[in-house]
Amino acid sequence: MLSFIVFLPIIAGLVILAVPASQKQIIRIVSLVAALAQGVLAVLIWRHYDPTMAGIVAAPGGSPVGSFQLIERIPWITLDLGSFGPLRIEYFLGVDGISITMVLLTALISIIGVLSSWPIQKQVKGYFILYNLLSTAMMGCFVALDFFLFYVFWELMLLPMYFLIGIWGGPNREYAAIKFFLYTLFGSVFMLLVMIGLYFSVIDPLTGSHTFSLVAMADQANYIKGTILGPGSEQWRYIAFAVLFVGFAIKVPMFPFHTWLPDAHVEAPTPISVILAGVLLKLGTYGMMRINFPLFPEVFQAGMYVIGVFGAINIIYGAFCALAQQDLKKMVAYSSISHMGYVLLGLAAANSEGMLGALYQMFNHGTITAMLFLLVGVIYDRAHSRQIDKFGGLASYMPVYTGVVIVAWFASLGLPGLSGFISEALVFVGSFREPITRPIAMVSVLGIVFGAAYLLWSLQRMFLGKRKPDALYELEVDGHGHEHIHFHDWKGKLDLDARELTMLVPLGIIVIALGIYPMPVMGLLTTSINKLVQVLAPVAMSAVH
Amino acid sequence: MMHSLIQLSIAVLLLPLLSFVVLIFFNRRLPRMGDFIGLGLVGTAFGCALTIFWQVVVQHYDPAFRLAWDFTWLDFGNVPGVGPLQVKMGIVIDNLTAIMLAMVTLISTLVHLYSTGYMHGDPKYGRFFAYLGIFTFSMIGIVLSDNLFSIYMFWELVGLSSYLLIGFYFYKDSAADAQKKAFLTNRVGDIGMWLGILILYSQYHTFGYQEIYEHIKNGDFHMSQAWLTAAGVLLFMGCVGKSAQFPLHVWLPDAMEGPTPVSALIHAATMVAAGVYFVARIFVLLTPEAQQVIAFVGAFTAFMSATIAITQHDIKRVLAYSTVSQLGYMVLGMGVGSYSAALFHLLTHAFFKACLFLGSGAIIHAMHHEQDMRWMGGLYKKMPWTFVTFSIATLALAGLPLTSGFLSKDAILAGALGFAQVEGGGIYYLVPALGFAAAVMTAFYMGRQVWLVFFGESRTHLKPAEDHGHDAHAAHASHGHDDHGHEDHGHHEVHEVPWNMRFPLVLLATLSVFIVFSPDPLDGGKGWFMHLVQTPATVVASTEAAHEGANLSVPEAGKLLAEAHTDTQHVETAPAAHAEAASTEGEGHGPVYADPRQAEIAHMTHANHWNAIKLSSLMLLAGIGMAFIVYVFRIIDPDKTAQNIRPLYLYSFNKWYWDEIYDATIIKGSMLISKILAWFDANIVDGIVNGVATIFRKFAFFNGGVDKYVVDGMVNFTAFTVQTTGAVLRKIQTGKVQTYLVMVVVAVLGYFAFYIAQLIK
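Line by line, the protein sequences are chains Z and U.
Residue numbers for the first sequence follow the working numbering, beginning at 1 and rising by one.
Residue numbers for the second sequence follow the working numbering, beginning at 1 and rising by one.
The hints are simulated quantities; they were obtained by calculation from the structure and are not laboratory data.
Using N, Cα and C, we set each Cβ at its ideal position, and we do this for glycine too.
Errors might be hidden in some of the hints.
Subject to a maximum C-alpha distance of 25 Å in a straight line, what follows is the list of computed DMTMM-like cross-link-like pairs (lysine to aspartate or glutamate) [said to hold, decoys possible]: (1) Lys698/U x Asp381/Z; (2) Lys675/U x Asp327/Z; (3) Lys124/U x Glu174/Z; (4) Lys493/Z x Asp470/Z; (5) Lys468/Z x Asp381/Z; (6) Lys468/Z x Glu483/Z; (7) Lys217/U x Glu434/Z; (8) Lys466/Z x Asp663/U; (9) Lys122/Z x Glu174/Z; (10) Lys124/U x Glu483/Z; (11) Lys88/U x Asp478/Z; (12) Lys381/U x Glu289/U; (13) Lys88/U x Asp75/U; (14) Lys125/Z x Glu155/Z.
Distance windows between CB atoms, simulated [said to hold, decoys possible]: (15) Asp220/U x Lys466/Z: 32 to 40 Å; (16) Ile509/Z x Ala747/U: 49 to 57 Å; (17) Gly750/U x Glu155/Z: 57 to 65 Å; (18) Met743/U x Met519/Z: 33 to 41 Å; (19) Gly456/U x Val400/Z: 21 to 29 Å; (20) Ser458/U x Val400/Z: 54 to 62 Å; (21) Gly226/Z x Phe702/U: 38 to 46 Å; (22) Lys217/U x Pro435/Z: 20 to 28 Å.
Computed list of chain U residues with no C-beta within reach of chain Z, every gap over 10 Å [said to hold, decoys possible]: (23) Trp451; (24) Phe455; (25) Glu493; (26) Asp663; (27) Ile673.
Same shape as in the complex, but just chain U (with noise of 0.2 Å):
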């Protein structure tokens, strides 16, 4: 008998996925195009969702709760040299899914009522709400998974969704554009995770995690260390991909072609929050070579895309680069072992994001499509809802005390220092280095959007005129404005939303507050998340010295890493507290790590929680700061410093020129090589064949006169002789064709018979 709680999750996967069966078939017939099914059913997972995390958070409240179950989907049956062999699909519940589930599905009915009111009036309003069901699937199917092999199906159908999301206005060529380039970015990524899966398939013959780390716990890895670093990194890819890591982040700013509400799901609850999830789902199998990849790959993406953020005038662009630079954090996070820190920040992050895009679209909705915030300003009065729950989440995404994002980002900072330290220093504190630099920004780029967008006289009477009316619309239709064809367009008094698109911003604000999560404003460490999500302990032995260490007692081998890393200061406390923590479950958080590497990183993320504090309230004021300096006392003038630093600026406002590059290498370059080797088929190829056909037409030319005149020649007396004979030997015929049939076998086979007769001699 299946555990009810199964049962329930199997609900919450599939009705996103009868939502989406049901309104792609029948939206045209249905009243109001099917939304209230969509919401509906949606609405019924988000209960089933909550109802699970009833269960297991609240009743249970256990940080191992684990709930398992599978079947086999494929049978290979008796495979040789291997035995009877099965790929299994399975669920598997624990704490983090039951969180995630509701997570994503409160998201996701919450932008589908938004919605409503959103994307009322368009042509193809009941297909939106299908595709936001199928998102919403892939996304709790990579969520459930309990192997690797159904995580990437729907991890490609997190591709799919995305690729019709985005390119809901598929008649603009900039939306095609951005949808064809979302799907084939991640493709990338997702080869490499594809060639991780496929290596350790190939040492286990399965796909499931709790095997596959059975089995490296075991030992019984039979390639060298380095596969399992490179498995490990080339699954990080598929979230590179995913969670719009650099060197494949490009996509993800031009996914805003996407109608606003897409947008909110996808940079909040759905895709990139896959990235992530699926690092955490890895992270046990992560050597500490991987995990250095990981914390850098996080640190700079996080800080080159706050860099980005500063000069955009886009208000959804602004928010894509800040999603990106905090999803660098979340991976920055993982990275340096702060693996709850990071799942943390995935979710207060989804609140907070979720509600600056919804709030962004109800900017925008209320702006007649206007985008970019030089043309917005004193939206305060007229939007106090907005106002309100946008500054709430803004404050959070700043990582203001009080609120939830201050909690998350200030553990995964802590992480960081700790981590730059039990490295060994150097290098290695670039990446906290590079973290608080982006926060800094964040505050900066936040409270400059706030500004512009709330505050001062409204500005839309300065906007270029050539920027207005319809054609020109169309025109600047490279900036991603929603196409609804339902209004007019032109100077319109700016009103508060309905409540439909207003209610879900202020749920998403109320969960922005810090109390949602933790009693204690200024430490996540005592929330409920905390204690439930707890870094699981390596399977991997993960230095040298950890490797002797393993069979020494814990303190002693924190003394060995301690000894090795005694040129920063904080570790020299370690050996004695670190006993301590490891020992007594260091004030009552945290477990026990048996990996030397590990639970020295947990003690230094501990020891350092006070510093990052103070540092990143440090980087608040700081940022927030130069934004009051620059934007409310224009003691700076923002124009007249970005002429001083043009090309710094230009570089900042092209992003780097990451598109520019990629298209001149990697885009012609694939151009290029399909041209020539099209032309090597049709020329070289092809060409030969035709050169054979022709030297053989040629000869038969010749031949054919030959033929004519000499065989032929021949023939005709031949004939003349046979002619004669044949009238003598027309008495042994028969008249049976299977006689003549078997003759002309037999001739056939007799010719074969002595060539090759010959041959063997």
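In isolation and in its complexed conformation, chain Z is listed as follows (with noise of 0.2 Å):
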């Protein structure tokens, strides 16, 4: 099943290559047919999941693959490397209550990715069949749980970004596709080392070799004494959990390696900004929650403040860097800077409530800020710009599409009703309740204003008031005194059309409805969660010393 949803993007992406390029709608359709079929492979998923399983570790003397559901585990590459012993790699996927929801999420996303891929006219066959190569690797990254395999759907990811962006992107798409692209490889150039380090100091207990398996890694009782990562080498593992996490960091985008962010959305294309914020950015503490952390728990619990302040640095610097923004796309990409410290804040946490309220929070982010990209499109589109300045009045000529924008805007900016309130005030409830991340909690709450001070802000400017004397419309009268605007070339419907109320409308939906009841996604995660959060426990590291 699990390799099903990973490959079936690819396969797609093979019969892609075999139609002519001339066929764009033949492709796009074979496209969202994989999409759609991915969709309902993750919704099959989610109905066949048993919650009250908890995944993470492998229980000790119970299975050796945890309790994760859906697992496939056959040997990939063996070979005997003489004197350091047997190389396994496996093909070893799986999913818990971490996972499972990426899964849900990344399969929402591609399928709005692909709607809003539609209208790309330029070289439509490459383009899908590279958007198809990242929906793979994508998937992949969320189910594997063999590092080594991880880490191939990982740099997979990067090969097709890097030509989505530097291709089918605006003006400066070329500095920001390699800024982005070195930028994340620097970071796994580090994993790598770190992945082999533990691949010398940990024997899983069913083969008595070395392995990848990331079930077994989590459990520290399989960690030699006197190898690299090993007890005993504490300082490595101090080097190693920093080098694994800068590499994780990059990737959310953690203070002082965001940069790359702002640019890569600012060029890419609105399709690509989605999946890049929808689901790439959550690639990075999905490492953290998956790898990073459960590894390294000891260095986590000593490392715990300092995740949390870069989290309260991420939720407030990228609140006051959104709220100077010009660009409307630029706003949107801090506020996911901004959004992503709570993530960051609540992981800090380490208790249930903070680290259900991050992994809820990457959930939603995923979905608020794919609509939040989604309609900052349908602008540019229609306008050929994003100054927030150079617009005024919308409300008035375009009251759908001010509508969901309000949805939206207000999603994000954490009002109740909607999802992404649940995830914040979760993030708070668990970061207050530790002594040592509470007095972060109490300076992050100004996140709270700002985040609301640069989204009115914006709105207010965009949508309110009255039409900008230089702007980006003109302004007609028709015979009923009624005032409409048309955009100089714009031939299609001024307000939202039929395919963007298709990618809003169910977005729009989930974001309600989770944000009014919760639990059909929350009660995937408790399990998991709660398990994690033993695992991270000080009392769980007491037994491996």
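Dock the two chains into a complex; use the hints.
Structure representation (structure tokens):
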């Protein structure tokens, strides 16, 4: 099942390879079918998932694959390395509460991304092949339980992303693409080193040989004394944790490694921005939850405070930077930085409320930010500009658009009744409950006000008030005295058209529904999160040493 | 099985929401843009609320009535270190809830009815009713909540509703500014409230009021007492935002940008009432220190806004500041421990203030969107219904005996006097002093308003010419005119408003008479409200003395306190009287308080009942007398006086310059910080990134040269060698891709393994 959901897009990519480049519509439909099939599979997985099983780590004395579900595990590459023993890389997939939410999110955002890619005219064939490759890589990252496999998928994401920004992007696309590429590569080089170090430090109790299995690595009992990252090698464990953290933090992106994000967003075409903000950023925090923290719990305990401080910096710094932006897309990009700060803060709390809030925030930020970028795309398509000050009074002329914008904007600023509120609230609840992160939480609440400030201010400047004299559109008065506007070279419908509504309405419904009753998603997470908290707790550590 | 009252209350909650959902999507497809749906659904909600009111208040008539229901909303599972943990949502119905429900839905229904006249012809007529629906829904949610989390959620939803309604005329910049200001100012308060909630949650892992109070009562608050005080003050910050207390009061007068029926809803029944209601809900956990903070904030707000109201020209602005001032009274009442008096004032104020706002709406409507009182006058003949109802409500606001306002205001002021005496006089007398000073000014500015609007000659023609006409009208939009666009402007005959706007006025004016609340026109304590909504016993051990006193019998504790405060004359008789009050439920009303401070305050409040009546009547006469002297007899010329005390006049007219101060400090400061940080981000953080990239590129360029001539030369040489060797080695190649891949991986891993092995050594 998981293999299907991972490789469906790549199969679609192969099919597209066989379709002549002139058959644009067929290419699009093939991609859409693959994405929809992925969505159906995701729903099936969701229905079959048993939320009472924890995952995270193999229970002592229990099944060696832990309580993961939908497991697929076969040897992939097995080699005898002579004195180093056999090299075993496995094709090992499985889901638990942490990954299933991300699988659902990825499937959803992939569908939205295909729909959003519909108007792309430039080299459609190449675009969709790369898009499907990206889709496979993202999904693969979330279900891989073998570190090596994870790393392969992780690197596999880079290539399509680089070209998708570099070819289909805006005017400064090459700079943005190379910046994204180098930054991420920089992080993953370190990840590679740590991965190999871990390999030589861990023995899979089942086979007695070294392993890349993340399930085995998450159990501190499997580390061998005297190895580079085993017990007794604290210094190296600290260094390994730190470089791994930086690798993931770049993806989040965490201050001060965040500057690639605004550039990448501004240059990327709308669907790629949606994918980038909706899914890719979550890989950073997912990697922390899956790999970085549970593999080095004692280092995490020591570093909680620092992570929390960086979370707070992200929240407040991102909000302030967003407040100063003139480009709407850049503002939304900084808002992503701010909102991913909540995830970091929740993780730093390391208790159930905080971690739940963080994971739930990852899901909610995915849906909400997807909406935000889609909405930015809508206005950019029409006006070919995103300068906030060039608009004004749009609410009078595009009421449906304005209505959706209000839902998305208020979801982003954390209005109760919309999903973002619950996750932010839980992050605060969790981080305030821990004495160590309490002062950080007390500072971070400022984000509630400044988050509202930049969103409401942009809302006012673009949609409320009167049409500005130098606005990007012309005013016409019809026979009945009603005012209309038209954008210079926009032939389509002024307000949202059917395709745009097809993308936005389901997202809006999800945002509202999960804001009123979060249990359908939250219920999947709780057992795993509670387990993760246990794994990270100092109690668990004392058993190791 | 759910209790039928709970079912009814859920209906009350959801009907306005249904109205919102139906109207926001379908208003254009419905006849009359669906106003009948809004009115019908909210009216039905009122019917349900009335049934609850009847069953709880009339049939049970029991101060201790309480009914609760909840369900699990979030399930955290088995949380490490805590155990099974859930967040519950629920409803609690007690006397206060029942009364509030009836009040909120009644006023909302009346506002709906009134709006069918007032908003008639507006292009967004249907959407207006949708917004009224969600506003009512959010407020009812606050009233029904049984826990801090859900109250916070509805609290923010009230913020959203007010955002939508204040900015109803969003195409005006002033309205767009006002709606943003209201939301953000409220959010500042909400931060405090949220932190307060977090403090309590971090102790008890629950948001439920009842559980939290049980815990505090049992003394298992593990942080220092200062944190509990902090929690109280922080929670109170939410009220400071919503109920427009100093220093977050600035949004409320600007909120006049919304259509006038909205002002009535905001100022009377929904938003601002929410703050005071919330303080009532958390009343029992407020420490004495927190109460003092609350009392001073309330007193100062009451005084400050009264001074501002005196000089305003805009009819709605005067009322807006009077609302702030009256809310100050309520908050003051909460602070001095007069819980039931404050809530009583909340209720009476809701009716007469709604009447005043709807009345002013009628005037504005009839005057074709003239809001400046300087150009009104002589309306009593043309609008007799409006005049009579407006005047009754004005008298209630000023606190004339026989009105409802007198009963409640007097009770608060008596509490303030009692509080000052119990706290030991001195600075604490400032609280009642400011309260009485505000009472004088209230009587004065309301007298001024009634005179300017209804009496004298019509001054429409005196309005400066440039203020006339449609263009000027738009230019002066900042005064908050309601734009309808359905009528021409200019000179028109002024007519009384139609029945659907008149009926709410009459009903609300009727509800401003004393007999509705108490059989005794001079003592609200004898009425049903004060009987049903009694000040609950605090769960906090108050002071050191009180702490010791908890082990003593109540009279002894009273003596202890009395000894501490012998400098105040009234207290001398306290011990005996107090013992009597405490043991025999003094004169038939008021419960017995175990906490000595609370018992003392309750007693002194009662003892000061007549003092307060005498003083406040005196203040009322003084205020109205001044208004007569200035405006009726014209003994003092207001304009000349204003010239004579010009700095003071300007200080009042410009609202103590709070807007300017905030703009110069907080807003400008935030913008500056954001600009600096954005610059820092673009130039320093990103500059470092780009700088590193440049260094690498330079290095790569140099390296490229080396590469081309040195390395490549070697490579070419090697290639030659390889070619020759390759011819030989070709034999051992298998041609299988897997093998190649494996070799590559092995090579990479081998290299790293070697490297790491070195490191380990």
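Hints, verified against the model:
{"no.": "1", "hint": "Lys698/U x Asp381/Z", "result": "violated, 39 Å"}
{"no.": "2", "hint": "Lys675/U x Asp327/Z", "result": "holds, 14 Å"}
{"no.": "3", "hint": "Lys124/U x Glu174/Z", "result": "violated, 47 Å"}
{"no.": "4", "hint": "Lys493/Z x Asp470/Z", "result": "holds, 22 Å"}
{"no.": "5", "hint": "Lys468/Z x Asp381/Z", "result": "holds, 19 Å"}
{"no.": "6", "hint": "Lys468/Z x Glu483/Z", "result": "holds, 14 Å"}
{"no.": "7", "hint": "Lys217/U x Glu434/Z", "result": "holds, 24 Å"}
{"no.": "8", "hint": "Lys466/Z x Asp663/U", "result": "holds, 23 Å"}
{"no.": "9", "hint": "Lys122/Z x Glu174/Z", "result": "holds, 16 Å"}
{"no.": "10", "hint": "Lys124/U x Glu483/Z", "result": "holds, 15 Å"}
{"no.": "11", "hint": "Lys88/U x Asp478/Z", "result": "violated, 55 Å"}
{"no.": "12", "hint": "Lys381/U x Glu289/U", "result": "violated, 53 Å"}
{"no.": "13", "hint": "Lys88/U x Asp75/U", "result": "holds, 9 Å"}
{"no.": "14", "hint": "Lys125/Z x Glu155/Z", "result": "holds, 22 Å"}
{"no.": "15", "hint": "Asp220/U x Lys466/Z: 32 to 40 Å", "result": "violated, 58 Å"}
{"no.": "16", "hint": "Ile509/Z x Ala747/U: 49 to 57 Å", "result": "holds, 52 Å"}
{"no.": "17", "hint": "Gly750/U x Glu155/Z: 57 to 65 Å", "result": "violated, 19 Å"}
{"no.": "18", "hint": "Met743/U x Met519/Z: 33 to 41 Å", "result": "violated, 52 Å"}
{"no.": "19", "hint": "Gly456/U x Val400/Z: 21 to 29 Å", "result": "violated, 51 Å"}
{"no.": "20", "hint": "Ser458/U x Val400/Z: 54 to 62 Å", "result": "violated, 46 Å"}
{"no.": "21", "hint": "Gly226/Z x Phe702/U: 38 to 46 Å", "result": "holds, 43 Å"}
{"no.": "22", "hint": "Lys217/U x Pro435/Z: 20 to 28 Å", "result": "holds, 24 Å"}
{"no.": "23", "hint": "Trp451", "result": "holds, 38 Å"}
{"no.": "24", "hint": "Phe455", "result": "holds, 39 Å"}
{"no.": "25", "hint": "Glu493", "result": "holds, 27 Å"}
{"no.": "26", "hint": "Asp663", "result": "holds, 14 Å"}
{"no.": "27", "hint": "Ile673", "result": "violated, 6 Å"}
In summary, the numbered hints that this structure violates are 1, 3, 11, 12, 15, 17, 18, 19, 20 and 27.
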